[in-house]
Amino acid sequence: MTTTISGELTRPGLGGGFRDLRQSSFLLKLLVRKELKVRYRGSVLGLLWSYVKPAVQFLVFYVALGVFLGLERSARNPDGLSNYAVYLFSGIVLINFFSEALGNSARSIVNNGNLIKKIYLPRELFPVASVWVSAVHFFPQLVVLVIGCVVAGWHPDAFQLLAAVGGFAIVGFLATGLGLLFGAANVYFRDSENLVDMLLMVATWASPVMYSWTMVEAKLGPGLFALYQANPITVGVELFHYAFWYPTTDGSAAMPPNLFSLWLPVGMIISLVVLALGQLTFRRLEGRFAQEL
Amino acid sequence: MANAIEVSNVSKEFVLRHTRSIKEAVVWLVKGRKGDLSKKFHALKDVSLMVETGETVALLGLNGSGKSTLLKHISGVMLPDSGSVYTRGRVAGLIEVGAGFHPDLSGRDNVYLNGAILGMTEKQINERFDAIIEFSEIGEFIDTEVKFYSSGMYLRLAFSVAVHTDPEVFLIDEILAVGDEPFQRKCIAKIQELAQQGKTLVVVSHDLDLVSRICSRGVYLEHGNVLFDGPIHEAVARLRA
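As you go down the protein sequences, you meet chains A and B in turn. Take the first sequence: its letters are residues -11 to 281, numbered as in the working numbering. Take the second sequence: its letters are residues 2 to 242, numbered as in the working numbering.
Fair warning: there could be bad hints in the mix.
Claimed, not checked - Distance condition first, Cα-Cα at most 30 Å in a straight line; then the derived DSSO-like pairs of lysine-lysine: (1) A:22 to B:148; (2) B:187 to A:106; (3) B:35 to B:46; (4) A:105 to A:25; (5) B:41 to A:105; (6) B:124 to B:200; (7) A:105 to B:191; (8) A:17 to B:124; (9) B:148 to A:41; (10) A:105 to B:187.
Honestly, the hints are just simulated from the structure, not real lab data.
Model the full assembly from the supplied sequences, consistent with the hints where possible.
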């Protein structure tokens, strides 16, 4: 909807990109609220599902990887990771956020096709609202994580908390950028959402969520390891480890080298570039959404 | 008077793709590329339309003549292949009433959501909320989920939100078949009231008697061409001929 003052002739249907989002912040708020209300409609547990699902996922991974495959440090396994439960969960919550945000935003345009075909509104709202909803669902998991950390003797400093914010921002920007890209592509080729599902499966294992980064370095060597580190999700997960897991340990565990001097800026820049590319592609393609849907 | 809508030399072509899958594309190649994988279809051919502020225009024509496509260009849902579209002031569409409704939300939530989708601000919706409810005659059911509404109630609420958006330019696509007869009369009265207030109206309808009552100007389209543009009665007579 063109919101200019009457008196000026404007071209309808040309979006202003992210500028539109500020103007339609009220609509964005309502879309997010709608998603949250509708998500668990008619279920007995309701929002509790946002706790139950990650809890079960965590338990399965913890038992299988930590206990059976011996990643947890114990008296018989001194090489394992101390507080593996916290290590694992701090990575899982971030990956869950990314998976939900990207998975839903990639489908958001097609799912809202009925509306997009009939009424003009800034279409960026739909992928962005999906990411926002995922951030809301991320919050209860974060609370559980913090409780777990406190039980494990968490004593973070301000810098470590900032690192968590940075990690979250990197992953959030990346999810929004990819969501815009795949959401727009999905209108033309429904292969896009299947591609996203595959990507998400890879993403879970392409970052040190279940295992430690040192195992990767040992196998890959410095060149490939640099490539591994350039993945913004890897940086995000490592920042979360630094913020939530590292302060619960005795501090003897090694953090990846150059995490703050090199990889944090690299991850942030890659995420922002993906965001810009996603936005650009989205704007290129959105003109034909109504006729292709 | 200034123009509220300026459509200049707009053409629109749709590509009707028969397939997108690799399998069918390979079959097509193997069979020696017989036939076309896609067909082109001209929805609008070099259409120009100037509408002054306060005019009431009916777009007439048979199915597939390009009326709705033209309306979608004015609302901004579609962009022209060539030519240009300009509008002045806020444009809102009564296009397919209730497109923005979600069945699992209450009537109240839907009023806010749909109002925002149609471009209203939070303050505007708060101010007009009571008027919207009163016009819709929904009453106590406003806090019930709309999936439990009868189809008449659903349409009444959706129509009520749309007419209260108060834009400068109103686009109406075949929605006047709303609810029972008393409510239909009420809707038409409301639309006529908007016209008298100096709002610009563009109406697409097959109900020729109705549009001749509401509109003063008729544009007759056929296969994407404007065949006639002039007084509504002549346009209707042409279409009936």
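Holds or violated: are the alpha carbons of residue 35 of chain B and residue 46 of chain B at most 30 Å from each other?
-> holds (28 Å)
For the pair supplied as a hint, residue 105 of chain A and residue 25 of chain A, confirm whether the alpha-carbon distance does not exceed 30 Å.
-> holds (24 Å)
Does the alpha-carbon distance linking residue 105 of chain A and residue 187 of chain B stay inside the 30 Å limit?
-> holds (28 Å)
Decide if the proposed pair is consistent with the structure: residue 148 of chain B and residue 41 of chain A, CA atoms, cutoff 30 Å inclusive.
-> holds (29 Å)
Proposed proximity, residue 124 of chain B with residue 17 of chain A (alpha carbon, max 30 Å) = holds (14 Å)
Restraint status (C-alpha distance of residue 22 of chain A to residue 148 of chain B at most 30 Å) = Holds, at roughly 15 Å.
Taking only the CA atoms, is the gap from residue 187 of chain B to residue 106 of chain A under or equal to 30 Å?
-> Holds, at roughly 24 Å.
Going straight from one Cα to the other, do residue 105 of chain A and residue 191 of chain B come out at no more than 30 Å?
-> holds (26 Å)
Between residue 124 of chain B and residue 200 of chain B, does the CA-CA distance stay at or below 30 Å?
-> holds (22 Å)
Given pair status - residue 105 of chain A, residue 41 of chain B, alpha carbons within 30 Å = holds (20 Å)
Going through the hint list in order, the structure satisfies each hint without exception.
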